Amino acid sequence: MTEKIEKSVRNFVPHESDKEFKRRFQAASPEERKGWGYDFTKDAEMDEVEYVRQADEWLRDGQPVD
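In terms of the numbering used here, the sequence shown is residues 1 to 66.
By construction, these hints were calculated from the structure, which means they are not laboratory data. For clarity, every value in this text was computed on a predicted model and none was experimentally measured. Be aware that a few hints might be false.
To be verified - Straight-line Cα separation of at most 20 Å, EDC-like style, residue types lysine to aspartate or glutamate; simulated pairs:
{"no.": "1", "residue 1": "42", "residue 2": "56"}
{"no.": "2", "residue 1": "34", "residue 2": "20"}
{"no.": "3", "residue 1": "19", "residue 2": "56"}
{"no.": "4", "residue 1": "19", "residue 2": "45"}
{"no.": "5", "residue 1": "34", "residue 2": "56"}
{"no.": "6", "residue 1": "34", "residue 2": "18"}
{"no.": "7", "residue 1": "34", "residue 2": "57"}
As the list claims (entries may be wrong) - Pair by pair, the computed Cβ-Cβ distance ranges are:
{"no.": "8", "residue 1": "66", "residue 2": "46", "range": "28 to 36 Å"}
{"no.": "9", "residue 1": "66", "residue 2": "43", "range": "31 to 39 Å"}
{"no.": "10", "residue 1": "46", "residue 2": "13", "range": "17 to 25 Å"}
{"no.": "11", "residue 1": "61", "residue 2": "39", "range": "14 to 22 Å"}
We put the beta carbon where it would ideally sit given N, CA and C, even for glycine.
Build out the structure end to end from the sequences listed, making use of the hints.
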């Protein structure tokens, strides 16, 4: 019998540096914001890609940092 083992995906939890980044992002003009975001490496695994997707979603959610 084969058991399916799921890899746990870590959820994005903003740290102080992330909060400062979001503050600068929100203070920037819409034109400046276009190139901003979180990146992952070319050889990233799916859990890292998902983590970065969550971080970018948080960055652009329009909500205040605190």
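Which numbered hints are broken by the structure, listed smallest first?
4
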